[in-house]
Amino acid sequence: MTTISRSPDVTADPAAGLPTHVSLADTFSQTMTMAWRATLKMRRNFEQFFDVTIQPLLFTAMFAYIFGGAVSGDVSKYLPILIPGLIAQTVLTACVATGVQLREDMDKGVFDRFRVLPISRIAPLAGPMVADMLRYAIAATLTFATGIAMGYRPGGGFFGVFCAIILAIITGWSLAWVFTWFGTVGKSAQVVQGYSLMVMFPLTFLSNAFVPASTLPDWLQTFVKFNPVSHVVSAVRSLANQGQFTGEVGWALLGCGIVIAIFAPLAVRSFSRKI
Amino acid sequence: MNNHSSPTGSPAVEAHGLVKEFADMRAVDGVDLTVQRGEVFGVLGPNGAGKTTMLKMLATLLPIDAGEARIFGTDVREHPHVVRQLLGVTGQYASVDENLTASENLMLFGRLQGLPRARARTTGLELLDQFGLMEAADKPISQFSGGMRRRLDLAASLITRPPLIFLDEPTTGLDPRTRGEMWTTIRELVRDGCTVLLTTQYLDEADQLADRIAVIDRGVKVAEGTSDELKSSVGRSTLQLQLVSSDDMPAAARVAESVLGEQPVLTPEARRMNIALQRSDQAVDVLIALREQHLAIESMTVQKPSLDEVFLALTGHDTSEPDHPSDDPQDDVADPHNLETVR
Ligand SMILES: Nc1ncnc2c1ncn2[C@@H]1O[C@H](COP(=O)(O)OP(=O)(O)O)[C@@H](O)[C@H]1O
Numbered sequence: 002m003t004t005i006s007r008s009p010d011v012t013a014d015p016a017a018g019l020p021t022h023v024s025l026a027d028t029f030s031q032t033m034t035m036a037w038r039a040t041l042k043m044r045r046n047f048e049q050f051f052d053v054t055i056q057p058l059l060f061t062a063m064f065a066y067i068f069g070g071a072v073s074g075d076v077s078k079y080l081p082i083l084i085p086g087l088i089a090q091t092v093l094t095a096c097v098a099t100g101v102q103l104r105e106d107m108d109k110g111v112f113d114r115f116r117v118l119p120i121s122r123i124a125p126l127a128g129p130m131v132a133d134m135l136r137y138a139i140a141a142t143l144t145f146a147t148g149i150a151m152g153y154r155p156g157g158g159f160f161g162v163f164c165a166i167i168l169a170i171i172t173g174w175s176l177a178w179v180f181t182w183f184g185t186v187g188k189s190a191q192v193v194q195g196y197s198l199m200v201m202f203p204l205t206f207l208s209n210a211f212v213p214a215s216t217l218p219d220w221l222q223t224f225v226k227f228n229p230v231s232h233v234v235s236a237v238r239s240l241a242n243q244g245q246f247t248g249e250v251g252w253a254l255l256g257c258g259i260v261i262a263i264f265a266p267l268a269v270r271s272f273s274r275k276i
Numbered sequence: 057m058n059n060h061s062s063p064t065g066s067p068a069v070e071a072h073g074l075v076k077e078f079a080d081m082r083a084v085d086g087v088d089l090t091v092q093r094g095e096v097f098g099v100l101g102p103n104g105a106g107k108t109t110m111l112k113m114l115a116t117l118l119p120i121d122a123g124e125a126r127i128f129g130t131d132v133r134e135h136p137h138v139v140r141q142l143l144g145v146t147g148q149y150a151s152v153d154e155n156l157t158a159s160e161n162l163m164l165f166g167r168l169q170g171l172p173r174a175r176a177r178t179t180g181l182e183l184l185d186q187f188g189l190m191e192a193a194d195k196p197i198s199q200f201s202g203g204m205r206r207r208l209d210l211a212a213s214l215i216t217r218p219p220l221i222f223l224d225e226p227t228t229g230l231d232p233r234t235r236g237e238m239w240t241t242i243r244e245l246v247r248d249g250c251t252v253l254l255t256t257q258y259l260d261e262a263d264q265l266a267d268r269i270a271v272i273d274r275g276v277k278v279a280e281g282t283s284d285e286l287k288s289s290v291g292r293s294t295l296q297l298q299l300v301s302s303d304d305m306p307a308a309a310r311v312a313e314s315v316l317g318e319q320p321v322l323t324p325e326a327r328r329m330n331i332a333l334q335r336s337d338q339a340v341d342v343l344i345a346l347r348e349q350h351l352a353i354e355s356m357t358v359q360k361p362s363l364d365e366v367f368l369a370l371t372g373h374d375t376s377e378p379d380h381p382s383d384d385p386q387d388d389v390a391d392p393h394n395l396e397t398v399r
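Sequences listed follow chains A and B, in order. According to the numbering used here, the first sequence is numbered sequentially starting from 2. According to the numbering used here, the second sequence is numbered sequentially starting from 57.
Take the hints with a grain of salt, since some may be wrong.
In silico lysine-lysine, BS3-like type, Cα no more than 30 Å apart, as pairs [unchecked claim]:
| no. | chain 1 | residue 1 | chain 2 | residue 2 |
| --- | --- | --- | --- | --- |
| 1 | B | K287 | A | K109 |
| 2 | B | K195 | A | K42 |
| 3 | A | K42 | A | K226 |
| 4 | A | K226 | A | K109 |
| 5 | A | K42 | A | K109 |
If you are wondering where the hints come from, they were derived from the structure by calculation, not from laboratory data. Keep in mind it's a predicted model, so treat the numbers as computed, not measured.
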């Protein structure tokens with residue numbers, strides 16, 4: 002193909018033989034292209050990394066010194082409880098940003114062009130989420146690093162920590178579908194942010210992330226037990242501190258699967274409908 | 057101009073009784089539309105007439121409330137994915153990514169539509185070259201002028217060479233010179249075999265670019281035809297004559313009156329007279345009579361009524377567009393309907 006030169010062909014039917022659906026392989030490659038776009042954006046808006054760099058450093062130190070004595074007697078005994086909890090929290094915060102940024106992105110003209118392109122409806126949503134896995138990885142790694150600098154010695158060793166980080170990334174990607182759905186239904190980025198925080202705070206604080214569940218009143222313990230974040234936190238703890246794949250890992254992955262099964266279709270449907 | 061009047065195969069666009077209702081109004085209220093392959097079809101109407109809404113329904117961006125639409129014979133509601141493969145859409149809403157450079161944008165849209173990396177790259181470069189954006193290839197879009205933005209928007213919709221292009225108000229907000237450049241680009245597209253459906257609120261733009269025009273007002277199509285047909289459906293043409301000598305004015309006026317039975321309007325200082333015509337070919341009768349009387353003519357023009365007059369007559373109100381750049385110097389120069397001969 003050298004120049005734009007097409008003789009007006011009025012007999013051939015240009016619609017003939019065109020596929021009526023996007024294949025799975027195309028969906029995947031379109032999603033990766035969208036992820037590439039998102040990483041280009043990240044490089045140009047570096048403040049997108051603040052929440053996954055500053056927050057782990059700040060929160061780890063703050064929570065350890067404030068709650069350490071009260072919960073575990075001293076800071077170094079609290080770190081094995083706190084670090085997995087904080088990982089869940091920072092990754093969840095990063096997920097909120099995923100949804101808010103999608104909303105901001107959708108208000109721009111380029112999203113209307115995505116809608117008229119013959120591409121999978123899921124690619125514009127899933128692409129940025131794939132790129133954001135990088136942010137979840139940074140958040141989880143930095144939280145571990147800060148903890149280790151403060152004296153945390155994870156019993157699971159390098160392999161346990163590595164698996165814990167992978168689990169955190171999977172969790173982030175799954176839960177991001179909730180906030181992506183918020184992103185497609187919310188009227189503005191502020192509204193999306195508001196909703197997301199309203200969901201994010203109870204999920205993280207009404208869990209075993211920062212205190213052992215046994216210290217809570219009975220009714221709260223019930224909620225904590227069913228909160229998927231609790232299972233993720235327990236799973237991260239067992240991986241990082243003991244290097245063990247306990248049943249909690251299974252529960253955490255199951256929870257992630259359920260979240261995706263519910264919220265991915267919701268998000269895609271509301272995205273395709275949105276004007 | 058109208059050399060695609062009898063194509064075989066289904067039309068590029070075929071819509072019947074299109075309706076779109078918003079909460080409190082019918083933005084599009086039963087519009088029929090047929091766009092033949094290879095033609096430029098203009099949808100003309102003032103701001104808020106429903107042009108964008110109609111285009112968005114045809115482009116699968118808005119659900120169709122009632123009626124049906126086919127693109128190259130494919131039902132828009134049934135097979136949106138097929139329709140999207142046949143379409144390039146450019147409008148203020150469907151634009152490019154402001155966070156990326158021009159060449160990254162073209163790479164993005166090429167890759168998304170299945171071009172291999174190398175092909176996407178070369179096609180992108182060709183388009184940047186064709187649209188005069190080569191020097192700005194690696195600049196962020198935020199540094200682009202309005203005209204450059206529009207050209208890049210258009211380039212981005214052409215990357216897979218779709219056979220049908222929707223242009224939603226392609227020159228709104230551009231200065232006259234940039235508008236002229238955009239018009240040239242659009243003409244080149246058509247020469248390459250594209251079918252173009254464009255909307256505009258500028259009468260001169262429809263006049264300049266479109267083979268056929270549909271006039272839309274408040275969601276309803278009020279007229280359709282070539283620019284000439286629309287004009288002759290409304291007003292009468294005028295023959296404008298400039299004489300060599302002002303001494304001939306009274307004699308020439310008498311001749312014109314005897315031929316047409318109507319008194320011409322004289323502007324003696326300019327040696328000019330305007331003669332109203334029932335039909336354009338009556339101009340010839342006047343000219344022959346003047347020649348027989350040996351009255352010399354400096355120049356002559358047959359003027360059709362302007363589309364502004366057409367619009368007023370069709371809708372009962374004018375286009376009421378304050379930012380209409382009517383001082384465009386291109387207007388008179390390129391108007392094919394002014395046949396001008398000197399001496
Ligand atoms: N999403 C929407 N919700 C409600 N009203 C709308 C919406 N989009 C357009 N309209 C209304 O529909 C009418 C037609 O709009 P539009 O198609 O944009 O006109 P045009 O493109 O001719 O300027 C306008 O009165 C506009 O206010």
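Hint check results:
no.	hint	in the structure
1	B:K287 <-> A:K109	violated (40 Å)
2	B:K195 <-> A:K42	holds (14 Å)
3	A:K42 <-> A:K226	violated (39 Å)
4	A:K226 <-> A:K109	violated (41 Å)
5	A:K42 <-> A:K109	holds (14 Å)
Of the numbered hints stated above, those contradicted by the structure are hints 1, 3 and 4, listed in ascending order.
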